[in-house]
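2 protein chains.
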Amino acid sequence: MGNSDSKNNLKIILDDSSDLSLNQLRDLLNNMSSSEIAHALESSPPKQRKLLFSLLETNEEGDVLADLGEEIQQDLVSNISNEELTEAVKELELDEIVDILQNLPEERMKTVLSKMSLRDRNRIELGLIYPDNTAGGLLNTDVISVRPSHTMDVVITYLRDQDVLPENTDKIFVVTTDDQYIGEISISKIITSALNLTVEEVMEKGIDPILVSQDDREVATIFERNDLISSAVINDSGELLGRITIDDVVDVIREDADQNFLGMAGVAEDTFAPPGRAAKSRVFWLSMNLITAFIASMTINIFQDVLNQIVYLAVLMPIVASMGGVAATQTLTIVLRGLTLEQINSSNIRWLFKRELAVSILNGLVLSVLVGFVTYFWFEDSVLSILISCALIINLIFSVIAGVFVPLILRRLNQDPAIAGSVVVTTVTDVVGFLSFLGLATIFLI
Amino acid sequence: MGNSDSKNNLKIILDDSSDLSLNQLRDLLNNMSSSEIAHALESSPPKQRKLLFSLLETNEEGDVLADLGEEIQQDLVSNISNEELTEAVKELELDEIVDILQNLPEERMKTVLSKMSLRDRNRIELGLIYPDNTAGGLLNTDVISVRPSHTMDVVITYLRDQDVLPENTDKIFVVTTDDQYIGEISISKIITSALNLTVEEVMEKGIDPILVSQDDREVATIFERNDLISSAVINDSGELLGRITIDDVVDVIREDADQNFLGMAGVAEDTFAPPGRAAKSRVFWLSMNLITAFIASMTINIFQDVLNQIVYLAVLMPIVASMGGVAATQTLTIVLRGLTLEQINSSNIRWLFKRELAVSILNGLVLSVLVGFVTYFWFEDSVLSILISCALIINLIFSVIAGVFVPLILRRLNQDPAIAGSVVVTTVTDVVGFLSFLGLATIFLI
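Chains A and B supply the protein sequences, listed in that same order. Note that the first sequence covers residues 1 to 446 in my numbering. Note that the second sequence covers residues 1001 to 1446 in my numbering.
If we strip away everything but chain A, and leave its shape as in the complex, we get (with noise of 0.2 angstroms):
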């Protein structure tokens, strides 16, 4: 944890760096974290960013690589040297290093690999097999493990033998001769145990460890579900492969959580990505908005003999389309947090429908109601003010249809609903909204 001195020259740094020497800036980075300074490259734009990691010492500089977004990562990666990558990478841990090797061109990692030690390429090797969304992209050997057979006594003094334990050691794991998982014993336990009593009398057994190729949001259900610090990794046939700490899944969670909410509208950038860069990643969901808009013009299209007569159809025609996007968007949120808690099944899925219907029903007769008065004393024609009122509701009923169903069609095509659901939602209700007011005012009205 930074001490208030450290914090102090983050916000130094944050605010104020443009008046500051080289020099000065150097003696500020020094005394900070690297969580810290990696903090302050991610709250810089592309220029001071450089800038700022260009004053780091190699040792630091692969901590604060670790610490960064991958984004920004490959940025600044690409900007140095193999050797001082090799350099900087050398002390982090196995996942950090996989985390930055397996983004760099295949030439790239084949040289860096190449400049490392032989035990060290072999172990990184393994780490670079496993997809960066799987429990293998979580990986880390240093691990301490025991036998079956050893007694308390042993395990203690072997563990007072390591100058360090490794970081977040809450638990060793036991395995047979051949490097089989069979159990676990928290550092308490061993603690807290009689020295006599052999591993096999104390540890845990029963315990599912995690298998290295399960996907990581997997892992952190398993994390949260059961407060875990960390977890044995096995392959297929159950050989311990390493661990997982609860830092890294922390990790996930927050990444996780910051692609939902950046996926629902489109973007998928750092905050201080260079225009191009940012411009790019958003282009394709205007695109995508353009293509529906015109759905949604093509409809009005159908109507232009009814707007031509009554022009004031085409002043109200949007508050029905709009109001339906909303309706759908909040169905489609709540489908969505369901899907991504794993909470909606077969089971349950005709109770959510039915209650998404009855909230459209009640809400909608509420909202209808205000829609008709607020028309009828702008306009001052019943009728008009009957006609928006149902096209509401056949609107809002529609997008209770479009916001269960779209999702979880988009889930079964393997399209991650949270992108690309609330586009077709909205053509959805834009389109349903055009067609019922326009399409009533047709038959009522002309």
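Keep in mind that the hints were calculated from the coordinates and are not lab data. Just so you know, not all the hints are guaranteed correct.
Said to hold, decoys possible - Distance windows between CB atoms, simulated:
id	chain 1	residue 1	chain 2	residue 2	range
1	A	D163	B	V1366	26 to 34 angstroms
2	B	K1354	A	D163	50 to 58 angstroms
3	A	L445	B	I1012	51 to 59 angstroms
4	A	Q304	B	V1366	45 to 53 angstroms
5	B	R1412	A	L126	46 to 54 angstroms
6	B	W1351	A	L126	35 to 43 angstroms
7	A	E342	B	L1126	44 to 52 angstroms
8	B	K1115	A	L126	53 to 61 angstroms
9	A	I443	B	R1412	22 to 30 angstroms
10	B	D1178	A	S145	55 to 63 angstroms
11	A	E218	B	V1383	55 to 63 angstroms
12	A	Q415	B	L1126	34 to 42 angstroms
13	A	I291	B	R1350	40 to 48 angstroms
14	B	N1030	A	L126	22 to 30 angstroms
Said to hold, decoys possible - Covered stretches of chain A (chain B as the covering partner; in silico rule of three or more C-beta atoms under 8 angstroms from a C-beta of chain B):
id	stretch
15	109-117
16	259-270
17	281-289
These numbers were taken from a predicted model, which means no experiment stands behind them. Using N, Cα and C, we set each Cβ at its ideal position, and we do this for glycine too.
Knowing the structure of chain A, use the given hints to seat chain B on it.
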């Protein structure tokens, strides 16, 4: 970690519970961990949830309640007697008991407290002082503390004398005789240090403990930045009050992300909330949108004349408004993320605004050419195509101004920018979209 059997039980409960007898259900529940039961309850509609909860043993009820979200927790608590509640929470951790009790009606809380032992009551009343969203709301008093003069030998003997160490004990705290916090020692360090060293020689100083009044999101940031498992909590006069552990911090991170995600759509309810409650939680947002939709309509109303003469303006006008809304939401999302992560400050906001402007102009050029072409091929009117392109660029520029400054202003007014932001921002782009398109049309087309 639940074993595979208990995971299967969870699946059976979720998928086929309606086909099971009460005894079968009870058997399944008995074999599940409390967190799995909590997940099953959160994934069930209210009636089934109540039934499942009623099948639990009283000693299991407490753990399950502690694992539930606030809303469901309160619902279930309101259905059980004071005696049962007192019995159920007895064995929980302090912060868990406080979470449950502080949401009870005043009367009921007093009654439940009066049924507890004096020691428990004092401890809980201490916890109830602190607001839910501060470090105090996460406080547990199960700390182990030692004096600086003790030797490692004494400390280890003391630890060995405990039956079990409190969960997630990765460190113990060093205090003076009047309980002033002065440092901490990790359990790993205790194990690997020479037995004749004193606490004072081994302990880490210069670590800032958490202040009991600190915001819980700040606590989460401190834990994340420093990869903590637990941290000391002190009051203003430096006295050690207890500790916070990572499992509770993970819950804060999850809830925070959940609220951000739901807040953007104006929803605030659990996934299976009953229809009345869900409708109530959403109607405010829908009503706000109704007001803004009427504001947009009034903007269109100004242009009745031009709409009357050129009907296809009504066909095209939603395109400009909708594109502006999407662009503004993208900018808003980036700014909200930056504010949440405390990346945005006075020194970089200017850069960020310029970057957003550049992004909007870049994407605006691409999209306006597209829109212009499509419009030209559709209506074969080159003036109209140029007008819609210009209107789009104008609206995209305003989308940046709204997307950057609305959240900053809302925050200064102490409003949550995630909740009010998107309504305000899309109102701006709707109004500007209609104004610019129909305004330009009025000038150049009639």
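Inset, instruction - Quick one: which hint numbers does this structure break? Sort them smallest to largest. - result: 1, 4, 7, 9, 10, 12, 13, 14 and 15
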